[in-house]
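Q: These protein sequence lines map, in sequence, to chains A and B.
Residues in the first sequence are numbered consecutively from 5, following my numbering.
Residues in the second sequence are numbered consecutively from 5, following my numbering.
Think of the hints as simulated: they come from the structure by calculation, not from any bench.
Fair warning: there could be bad hints in the mix.
You can't tell identical chains apart in this list, so a pair holds if it fits in one copy or across any two.
[What the hints assert, rightly or not] Only pairs whose alpha carbons sit at most 30 Å apart, straight line, appear in this in silico DSS-like list of lysine-lysine:
| hint | residue 1 | residue 2 |
| --- | --- | --- |
| 1 | Lys179 | Lys323 |
| 2 | Lys86 | Lys284 |
| 3 | Lys35 | Lys288 |
| 4 | Lys134 | Lys288 |
| 5 | Lys288 | Lys276 |
Here the structure is a predicted model, which is why all the values come from computation and not from measurement.
Number of protein chains: 2
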Amino acid sequence: MNNSTLPNGAQNPDLLEARKAYDALKAKGLKLNMARGKPSGEQLELSRPMLDILDSSSDTNTIDGLDCRNYGELSGIADAKKLFGAYLNVSEDEIIIAGSSSLTFMYDAMARAMLTGVLGSEKPWGSGGKTKFICPVPGYDRHFAICEFLGIEMINVPMNEDGPDMDMVEELVAKDETVKGIWCVPKFSNPLGVTYSNDTIRRLARLKPAAKDFRIFYDNAYAMHYVYNDVPLLDILEECKQAGNPDMVYIFSSTSKITFPGAGVAFFAASKANIAFTLKQLSKQAISWDKLNMLRHVRFLKDMDGVRAIMARHAAILKPRFDAVIASLDELKRLGAGDYQRPDGGYFVAYRAPKGCAKRIVALCKEAGVVLTDAGATHPYGKDPEDSYIRIAPSFPTIDDLRSAMEVFTAAAKLAALE
Amino acid sequence: MNNSTLPNGAQNPDLLEARKAYDALKAKGLKLNMARGKPSGEQLELSRPMLDILDSSSDTNTIDGLDCRNYGELSGIADAKKLFGAYLNVSEDEIIIAGSSSLTFMYDAMARAMLTGVLGSEKPWGSGGKTKFICPVPGYDRHFAICEFLGIEMINVPMNEDGPDMDMVEELVAKDETVKGIWCVPKFSNPLGVTYSNDTIRRLARLKPAAKDFRIFYDNAYAMHYVYNDVPLLDILEECKQAGNPDMVYIFSSTSKITFPGAGVAFFAASKANIAFTLKQLSKQAISWDKLNMLRHVRFLKDMDGVRAIMARHAAILKPRFDAVIASLDELKRLGAGDYQRPDGGYFVAYRAPKGCAKRIVALCKEAGVVLTDAGATHPYGKDPEDSYIRIAPSFPTIDDLRSAMEVFTAAAKLAALE
Numbered sequence: 005m006n007n008s009t010l011p012n013g014a015q016n017p018d019l020l021e022a023r024k025a026y027d028a029l030k031a032k033g034l035k036l037n038m039a040r041g042k043p044s045g046e047q048l049e050l051s052r053p054m055l056d057i058l059d060s061s062s063d064t065n066t067i068d069g070l071d072c073r074n075y076g077e078l079s080g081i082a083d084a085k086k087l088f089g090a091y092l093n094v095s096e097d098e099i100i101i102a103g104s105s106s107l108t109f110m111y112d113a114m115a116r117a118m119l120t121g122v123l124g125s126e127k128p129w130g131s132g133g134k135t136k137f138i139c140p141v142p143g144y145d146r147h148f149a150i151c152e153f154l155g156i157e158m159i160n161v162p163m164n165e166d167g168p169d170m171d172m173v174e175e176l177v178a179k180d181e182t183v184k185g186i187w188c189v190p191k192f193s194n195p196l197g198v199t200y201s202n203d204t205i206r207r208l209a210r211l212k213p214a215a216k217d218f219r220i221f222y223d224n225a226y227a228m229h230y231v232y233n234d235v236p237l238l239d240i241l242e243e244c245k246q247a248g249n250p251d252m253v254y255i256f257s258s259t260s261k262i263t264f265p266g267a268g269v270a271f272f273a274a275s276k277a278n279i280a281f282t283l284k285q286l287s288k289q290a291i292s293w294d295k296l297n298m299l300r301h302v303r304f305l306k307d308m309d310g311v312r313a314i315m316a317r318h319a320a321i322l323k324p325r326f327d328a329v330i331a332s333l334d335e336l337k338r339l340g341a342g343d344y345q346r347p348d349g350g351y352f353v354a355y356r357a358p359k360g361c362a363k364r365i366v367a368l369c370k371e372a373g374v375v376l377t378d379a380g381a382t383h384p385y386g387k388d389p390e391d392s393y394i395r396i397a398p399s400f401p402t403i404d405d406l407r408s409a410m411e412v413f414t415a416a417a418k419l420a421a422l423e
Numbered sequence: 005m006n007n008s009t010l011p012n013g014a015q016n017p018d019l020l021e022a023r024k025a026y027d028a029l030k031a032k033g034l035k036l037n038m039a040r041g042k043p044s045g046e047q048l049e050l051s052r053p054m055l056d057i058l059d060s061s062s063d064t065n066t067i068d069g070l071d072c073r074n075y076g077e078l079s080g081i082a083d084a085k086k087l088f089g090a091y092l093n094v095s096e097d098e099i100i101i102a103g104s105s106s107l108t109f110m111y112d113a114m115a116r117a118m119l120t121g122v123l124g125s126e127k128p129w130g131s132g133g134k135t136k137f138i139c140p141v142p143g144y145d146r147h148f149a150i151c152e153f154l155g156i157e158m159i160n161v162p163m164n165e166d167g168p169d170m171d172m173v174e175e176l177v178a179k180d181e182t183v184k185g186i187w188c189v190p191k192f193s194n195p196l197g198v199t200y201s202n203d204t205i206r207r208l209a210r211l212k213p214a215a216k217d218f219r220i221f222y223d224n225a226y227a228m229h230y231v232y233n234d235v236p237l238l239d240i241l242e243e244c245k246q247a248g249n250p251d252m253v254y255i256f257s258s259t260s261k262i263t264f265p266g267a268g269v270a271f272f273a274a275s276k277a278n279i280a281f282t283l284k285q286l287s288k289q290a291i292s293w294d295k296l297n298m299l300r301h302v303r304f305l306k307d308m309d310g311v312r313a314i315m316a317r318h319a320a321i322l323k324p325r326f327d328a329v330i331a332s333l334d335e336l337k338r339l340g341a342g343d344y345q346r347p348d349g350g351y352f353v354a355y356r357a358p359k360g361c362a363k364r365i366v367a368l369c370k371e372a373g374v375v376l377t378d379a380g381a382t383h384p385y386g387k388d389p390e391d392s393y394i395r396i397a398p399s400f401p402t403i404d405d406l407r408s409a410m411e412v413f414t415a416a417a418k419l420a421a422l423e
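Generate coordinates for the entire structure from the input sequences, incorporating the hints supplied.
A: Written as structure tokens, this is what we have:
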């Protein structure tokens, strides 16, 4: 049966028109990519002056006199602990500056937990039996990939407009000691753009897990990454301390979307006890990380005012891109072909297609030269049970390209909905 | 009984004199460190011009047009694969450029093997039961620390003048499938300075391990790091291919002792199949590593001639330091108070004190303000069964400081031997 044939054999004129519109766009032979949250060339230019910060006439010493060119200082340089401690609102002995990728640090923290446990573990997470992690959905595919790779069973929990469904989270952690943690992107979440409410964060900090070595893997990737409006985020480490759970949270972040995504610095914040425990473990893995790049970052960004200034410039570059995506999604929404939540910041807009349409839309876009994140990537094991979420990443293409890509997306979404 | 009292109650004049000499040096209140293989400030200066390589006017693209400032290229940039492929004599698809620390890559490779296995593993190395690793001794304390941290049982095998005792290695790997690998530092080994003979490398490449997923962890840290004379090293990957064991070797290296120890680039070489397998695993851990630093390195070092030129300058700086250490050790050797092998390169000289004296010498040096690597660090679990090896790292102190430190060392060694 031809898809544009109605059950009674007649042609559906809306569908014929949708197919025609899609085919016309496909004929353009576009090659565009909205798959990943990759900053644009314009954004990279904001940090170009950082390349001048250290040259052969530079003093390469930290504020406490350590030469950044040589080995040493596993926890990162004091200068960077000061700045990025302020960024995450933690003290200088509650932070480690390490490497260039927070994702790598998250993987590594999870791998170490599986191999040897965390502070307070009676045995390694991975020592026989199941290990489970709570995954708010839709969420970040790379978080889920870490769990899948390490054989950690993922439990879906829905994301509401104020964060994960905390009733479910509380119940899950209380009853099952194999539930060892939860993934969180607390601000401008990937992909919904949700920021956790104070109530959500307080409930997270007050969890009473059956597992004594439970950890909140708190990926604060977009702490100051607003596009339209910045929104406050309650300080989870402080809340955990007040709740008598100071060691329950691991906070991860980086400058990947402040300076250079390929050459930033990553950091990890947690209670002093967690930091001391982690440093002892890390001393088996590394002598130190690239301190020259830490120094470069601190001398370039200077202080929190410097960070705020560059984030305002990022927002100005991102805003018209988000506008273009949102205009298209509004059109679809008006037509009843799907829905979305308008994010205030972050790197994504999540479109919720009518049930069963997401894979088809992504395939149609691909055929027409527009690459999107795979449908299903927003869920553990790549399985969106309703096949409806599509993550759109507006940052990388030029505005013209983005408009072309969204034309294709809109045409594909209409076609898929009518089919 | 006073230590300087002979069994018959008389005083030993040699011992009295040795104590007097030691006490006089101790009174100087020195503060010197020969503990780690840390390059000196003079060596760091050799790479100072690298800080000028990238500035705000620079093109930050690779030879194939990738912008090093943004995400991407998990295996490292083509430019770096070309240069460091040449450095390790492997092709560009037999190498991954990753991060700034080869130690971190080694740890990570071992951790992944424990968690999920290597290419050809039927199950993870760490999936219940014992996992064993062969450790030629004396060896590198950080290698041993990785095994200890991950619960891998270490088996000592003696180092001969041409590498590990291959009769023992062959026997151990053939009979026990829980023996999953061997640590090797094939050139200017840490701490003996031994370079493996062709015969040793051929026998390594032709091992017939009971474990089908056996791996040689081949830490080629000092591939071009001669001090007196460079010596050839047979190409182990080529030998493994010829022996039908192409996947048996993992080669690790870095520029830590070519450019900046705190901010170099690390690389990993292996068969194409191992590289493809490893990249698939790494894709769960990272998006990419710092490509700007890779670019900085390639544009600074340029090519293998550039590498050879800087290594000659390192050798010129290291030579008088090694001379000073060797002169002192020669004196001790003449007195019958211990022995050493004269290294042609690397970062260490290993002194073999009379049995039972190493801990005492290190303690005496410490009391007199000279910090050495802990006695025992040269062996798994920190246990040198004969308490005789002491690793001396001549690189970091100035020559004057080194001479002072070696005066203390000599006095302490004489005293310990007489005691």
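Q: With reference to the structure, classify each hint as holding or not holding.
A: Hints versus structure:
1. In this assembly of identical chains, the alpha carbons of Lys179 and Lys323 never lie at most 30 Å apart, being 44 Å within a copy and 65 Å across copies at closest.
2. Proximity of Lys86 and Lys284 under a CA criterion of 30 Å is satisfied intra-copy only: 21 Å inside one chain copy versus 36 Å between copies.
3. Taking the closest pair of Cα atoms, Lys35 and Lys288 come within 30 Å of each other only across two copies (26 Å); inside a single copy the shortest separation is 46 Å, beyond that limit.
4. Taking identical chains as interchangeable, the C-alpha atoms of Lys134 and Lys288 lie at most 30 Å apart whether they share a chain (27 Å) or sit on different chains (20 Å).
5. For the homomeric pair Lys288 and Lys276, the shortest alpha-carbon distances inside one copy (19 Å) and between copies (28 Å) are both at most 30 Å.
Checked against the numbered hints given earlier, the structure breaks only hint 1 and satisfies all the rest.
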